[in-house]
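Asks: Below, each chain spelled out in residue letters.
Number of protein chains: 2
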Amino acid sequence: MGAVAEDGSRVVGSHSHPTDATRGPEAIVTDLVAMSQQTLAALASEDPSATVLGVGVGAPGPLDRHAGVVLLTPNLGWTNMPLRARLGEGLGLTAALDNDANCAVLGEAWVGAARQGRHIIGMTIGTGIGGGIVLDGRLHHGASDCAGEIGHVTIDLDGRRCGCGNYGCLEAYASGPAIARRAVEQIESGAESALVQMVGGNLALITAQTVYAAAEEGDEVADEVVSTTARYLGAGLANLVNIFNPDLVVIVGGVTQAGEKLFVPLRREVARRAFKPAVQACTIVPGTLDGLAGVYGAARAFLDQRAEGMV
Amino acid sequence: MGAVAEDGSRVVGSHSHPTDATRGPEAIVTDLVAMSQQTLAALASEDPSATVLGVGVGAPGPLDRHAGVVLLTPNLGWTNMPLRARLGEGLGLTAALDNDANCAVLGEAWVGAARQGRHIIGMTIGTGIGGGIVLDGRLHHGASDCAGEIGHVTIDLDGRRCGCGNYGCLEAYASGPAIARRAVEQIESGAESALVQMVGGNLALITAQTVYAAAEEGDEVADEVVSTTARYLGAGLANLVNIFNPDLVVIVGGVTQAGEKLFVPLRREVARRAFKPAVQACTIVPGTLDGLAGVYGAARAFLDQRAEGMV
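Going down the list, the sequences are from chains A and B.
Residue 517 in the numbering used here is what sits at position 80 of the first sequence, and the numbering runs on without skipping anything.
Residue 668 in the numbering used here is what sits at position 231 of the second sequence, and the numbering runs on without skipping anything.
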């Protein structure tokens with residue numbers, strides 16, 4: 438994911454593409470540089486007077502922001518990848534690096550659904566559940582740049598095993614794959630569902646998106662999976678509401694496709710579990726920037742890191 | 438609880454006394470003013486040249502810091518009590534108000550066990566479990582002054598009913614009364630324990646302190662209750678470590694009397710559950726100021742609020 442910021446406010450370019458890890462860790466970086474060069478060249482021909490200040494990039498963590506290095510990203514095959522230097526040198530520009538979930542939430546806070554918020558908690562729900570914490574306009578990174586792992590709050594002490602090794606993490610119940618898995622489990626225990634037909638009998642093809650679509654059509658199994666998802670997410674968010682007393686919670690990612698079918702019971706569960714004065718202070722909204730949230734956020738991360746003298 | 442700060446750094450007086458709610462909400466405030474006057478008079482005679490800048494007071498929340506009003510404190514019978522004005526007018530000094538758990542953590546962060554920390558999470562364990570969040574030296578108060586309710590993070594979605602109305606809150610497992618209750622439950626289900634003799638057969642007299650004492654003597658029931666407490670607290674703290682990536686966690690309150698018997702398994706549980714880079718960055722320590730943590734913190738809250746122009 439790349440972003441280019443101009444004149445301190447405009448994001449002039451962005452791109453994202455499916456990563457093919459089989460081509461090796463270096464190829465992904467080479468592609469990223471090449472695509473960013475194309476974006477910059479297109480900008481230069483469209484608007485020859487534009488001044489490009491730099492680029493921001495969001496990457497899966499853990500990472501070291503000060504060094505500009507992605508420490509470990511198994512999916513991309515990166516270990517201690519100096520992504521900031523590689524991108525900056527490749528483009529001849531100053532670059533900044535931050536966590537991808539942080540960038541998505543920072544983007545929503547800057548120009549998206551959360552821009553009215555002061556204390557913002559963002560939750561990104563996709564293959565995993567991540568998050569970002571924006572207090573008074575600034576991301577909270579923590580002592581070693583790994584704050585915001587809100588998908589890995591325990592909501593059930595002895596619950597489902599999570600990919601992170603812990604038990605009962607929110608992510609183990611409410612990530613995209615977890616939503617699909619819970620639907621499959623119900624069907625495998627004998628529940629009848631339109632989902633079976635929708636995937637031509639191949640349950641492995643059920644995704645969270647299939648579940649939302651079936652729920653929309655009134656399928657009972659899918660409907661129950663969506664409302665249970667709301668319950669899990671509500672419990673996780675209630676924790677964050679009690680901890681941070683945010684004025685705004687923004688939810689980003691595919692799960693927002695479930696719409697009010699998800700958000701109504703989710704808000705109800707938060708209200709049921711969290712402290713009344715904290716609930717009253719807090720608005721829970723879906724993100725509005727879709728795939729661009731992380732792009733805008735990466736641009737903003739560049740501006741913030743530049744202002745701090747970090748890059 | 439009252440505190441007096443002089444010359445911006447020295448805390449010159451403090452007092453705390455058991456509150457007797459049966460005398461009514463006004464009597465408690467009158468007592469507080471009278472005792473603060475005595476403290477100030479004692480200071481004036483000891484050190485006639487001392488300049489008193491103001492007073493800070495920590496009170497159970499929820500409260501409105503900007504208005505200086507305690508909104509609701511059932512234990513003291515207060516509803517919309519203008520504690521800051523009452524104390525300030527009674528003493529002829531500028532007063533500041535903050536939440537008592539916030540004050541305890543701020544005190545440890547200022548001059549106690551957490552003073553080396555930059556991102557500090559404090560947990561206060563007593564009758565309830567409260568907390569404070571100190572980021573870059575400042576308390577995070579949230580949108581309506583009720584941030585830091587870390588005793589009410591759900592660690593078991595369908596678990597024990599908590600006094601707050603929610604289910605499975607950390608407080609329902611690991612507060613002082615919850616620790617005592619879990620020991621009593623074990624004894625009532627037939628487990629043999631030295632605790633029975635220690636309280637002359639009256640199980641209602643078992644407190645968390647009795648449990649720690651019995652565990653120290655090698656009592657199996659008490660020992661198991663302490664290690665389960667460590668497990669619950671560890672799960673709750675692992676959540677906070679994943680969320681905040683703090684460099685320091687400080688635990689304040691009676692529970693620290695259990696010493697390494699608690700802290701060793703607690704640190705182990707956090708390490709087992711939280712992300713490795715976050716665990717590595719974080720030190721977990723008991724507070725060192727005992728009952729004075731909240732007094733120092735109230736003084737510091739006064740200084741901070743004065744610096745912000747709030748009082």
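No lab work stands behind these hints: they were computed from the structure.
Warning: the hint list may mix true and false statements.
It does not matter which identical chain is meant; a pair holds if it fits inside one copy or across any two.
[What the hints assert, rightly or not] Think about it this way: if two alpha-carbon atoms lie no more than 25 Å apart in a straight line, the pair counts; the simulated SDA-like pairs of lysine to any residue are:
no., residue 1, residue 2
1, K698, G527
2, K698, A487
3, K713, T516
4, K713, S482
5, K713, D684
Asks: Taking the hints in turn, state whether each one holds.
Replies: Results for each hint:
Taking CA atoms no more than 25 Å apart as the test, K698 paired with G527 passes in neither setting, with 45 Å inside one copy and 55 Å between copies. In this assembly of identical chains, the alpha carbons of K698 and A487 never lie at most 25 Å apart, being 44 Å within a copy and 64 Å across copies at closest. Only between protomers do K713 and T516 lie at most 25 Å apart by alpha-carbon distance; the minimum there is 16 Å, versus 45 Å within a single protomer. When the C-alpha separation of K713 and S482 is checked against a cutoff of 25 Å, the pair qualifies neither within a copy, at 55 Å, nor between copies, at 47 Å.
In this homomeric assembly, K713 and D684 come within 25 Å of each other (Cα to Cα) only inside a single copy, at 13 Å, whereas the closest approach across copies is 30 Å.
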